[in-house]
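A.B. asks: Spelled out from the first residue to the last, the chains are:
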Amino acid sequence: MIASKHILGTFDEALASLRNNVLMMAGLTERSLDRATRGLFERNDNLCLSAIADDEEIDQLEKQMDKDGVDILLRFQPVASDLRRVVSAMKLSSNLERVADQATSIARRARKLNQHPPLPEVDLIRPMHEQAISMFRDGMDAFVREDVDLGCAVVQRDEGLDELNATVNRKLVERMAQDPEQLRGYLNLIFVARALERVGDHATNMAEEAVYAAAAEDIRHQNLAARA
Amino acid sequence: MENVVMETPEQTVMERLELGTVPPPDAEIPRAHTFEVKNLSIWYGEKRAIDSVTLDIASNAVTAIIGPSGCGKSTFLRALNRMHELTPKTRMDGTVLLNGEDLYSSAVDPTIVRRRVGMVFQKSNPFPTMTIGDNVIAGLRLNGVRNRKLLNERLEKSLRMAALWDEVKDDLHKPGTSLSGGQQQRLCIARALAVEPEVILMDEPCSALDPIATAKIEELIHELKGRYTIVTVTHNMQQAGRISDYTAFMYIGRLIEFGPTTTIFTNPREKQTEDYITGRFG
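Protein sequences, first through last, are from chains A and B. With the working numbering applied, the first sequence corresponds to residues 1 to 228, in that order. With the working numbering applied, the second sequence corresponds to residues 1 to 282, in that order.
Hints were generated in silico from the structure; no laboratory data involved. Check each hint, because a few of them may be wrong.
To be verified - 16 Å max Cα-Cα, derived EDC-like pairs, lysine to aspartate or glutamate: (1) Lys225/B x Asp210/B; (2) Lys157/B x Glu196/B; (3) Lys5/A x Asp245/B; (4) Lys5/A x Glu274/B; (5) Lys38/B x Asp93/B.
Stated by the list, open to error - So the derived list for chain B, only partly shown, Cβ under 7 Å to chain A, looks like this: (6) Pro268; (7) Gln272; (8) Ile277; (9) Thr278.
Note that the structure is predicted; figures quoted are calculated from it, not measured. Cβ coordinates follow ideal geometry from the N, Cα and C atoms, glycine included.
Based on the provided sequences and hints, a complete structural model is requested.
C.D. replies: Structure, rendered in structure tokens:
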């Protein structure tokens, strides 16, 4: 990522520390999301509780990232690619924290669902889960590898996830009408689907930040298909 | 008849952008150029200090020249008012146009050029034997101005423009050297302004000043650019980012990159620029 060392070694150390914190935060967030969704699919309350417990550490890391970022801006006044990396890392941490919040939300809904007999409609969530988690991983990869093409590809996949969410919502609403006894359960699944859709939105933001950090290009609020 | 696109308050910004009635935020606004420098090369004896530099300097804007020591930035600055010619054994090639006029034409008097293109140096250099007031109007007197009323008017106007009037108006009879370093530098700027130049060149004007005096000079530069074209050399990257509209990066006598300051400091095109401004070589 960094072509050559700065004359000021402490600047390199500060940038490396910021980057390590992003990677650690991304790792924890991915683990939390994985535990929450497995807690749902495997009906495992312990996994759900672990996901909820992870959130506090991720919150602390977000605060640390902000502090480190401000410290770098203050002490080193970065410019060019250094400036873009610092700004993007700070924005990325905010998105990671929100993904972790969505993981917590999924874990809480899963715990409620686990108290009742299993609903076969949980399987409707699986394609959304796969899409959201792959967008999250690729968004993070795009940032780490400064891969503009991958970043743009992630952004374009968000629409597909939104459509999946709409389909899941429609089917679950139909099921609510057919089987009002399970209304609470279906409602919890709708909230899980919405949380996964939000994960996709944050992955999109992360991919956009990756493109900005790598190429100084602001691709937010653009029609990327037209751009290509 | 000209095709006029009507704009209504109801139109969204996006609609207006599409109609072309609002420039997009990153649009480059075309500007007039005070200097047009073409293929400028300068030699000190056998050593080439500037190597085929071509650069247009925008009017009523601040252009900063940055680069490591010995890259030719001060020589380039001095070439804009022929001050480099004061160094023995200099030779130049190329053209420098000031508002369309060739500065190096045989018909042009270098002293007139230096009146049109004023200069402020790294270290403030008020005339040590002169009072504050006499320092400001020294250039006018040298040019034969004797009208006391005009001299007084120009004295006050220049000191006001240099943001120094309020601090020295009761001490005009005191020696220029009695002022603080920052005040002396503003006195030198007032002296440069008194002869009503078209351009002000500044060669590291704040490098010998404390942060407060530096801030005052930077604020002054910001105010002066409404009336003058300003070209400044600086080693302070943050200062270049703060005060300039355009930045030129020079290295070993060559112009490596030139563009809007925001672009140079967020997304430089050339790797050498990036490496220099991010502190990877110097």
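A.B. asks: Take the hints in turn and mark each one as holding or not.
C.D. replies: Evaluation of the provided hints:
With a C-alpha separation of about 23 Å, the suggested pair Lys225/B and Asp210/B falls outside the 16 Å cut-off, and the hint is violated. About 11 Å separates the Cα atoms of Lys157/B and Glu196/B, which keeps this hinted pair within 16 Å; it holds. Between Lys5/A and Asp245/B the alpha-carbon distance is near 29 Å, which puts this suggested pair outside the 16 Å criterion. Restraint check for Lys5/A and Glu274/B: satisfied, since their Cα atoms lie roughly 12 Å apart, inside the 16 Å limit.
About 9 Å separates the Cα atoms of Lys38/B and Asp93/B, which keeps this hinted pair within 16 Å; it holds. At about 5 Å, the closest approach between the beta carbon of Pro268/B and any beta carbon in chain A falls short of 7 Å, and the interface hint on this residue holds. Contact between Gln272/B and chain A, as hinted, is not supported at the beta carbon level, the nearest pair being about 12 Å apart and thus beyond 7 Å. Taking 7 Å as the C-beta contact cut-off toward chain A, the hint placing Ile277/B at the interface holds, the least distance being around 5 Å.
Given the 7 Å rule on beta carbons, the hint for Thr278/B holds: about 5 Å separates it from the nearest Cβ of chain A.
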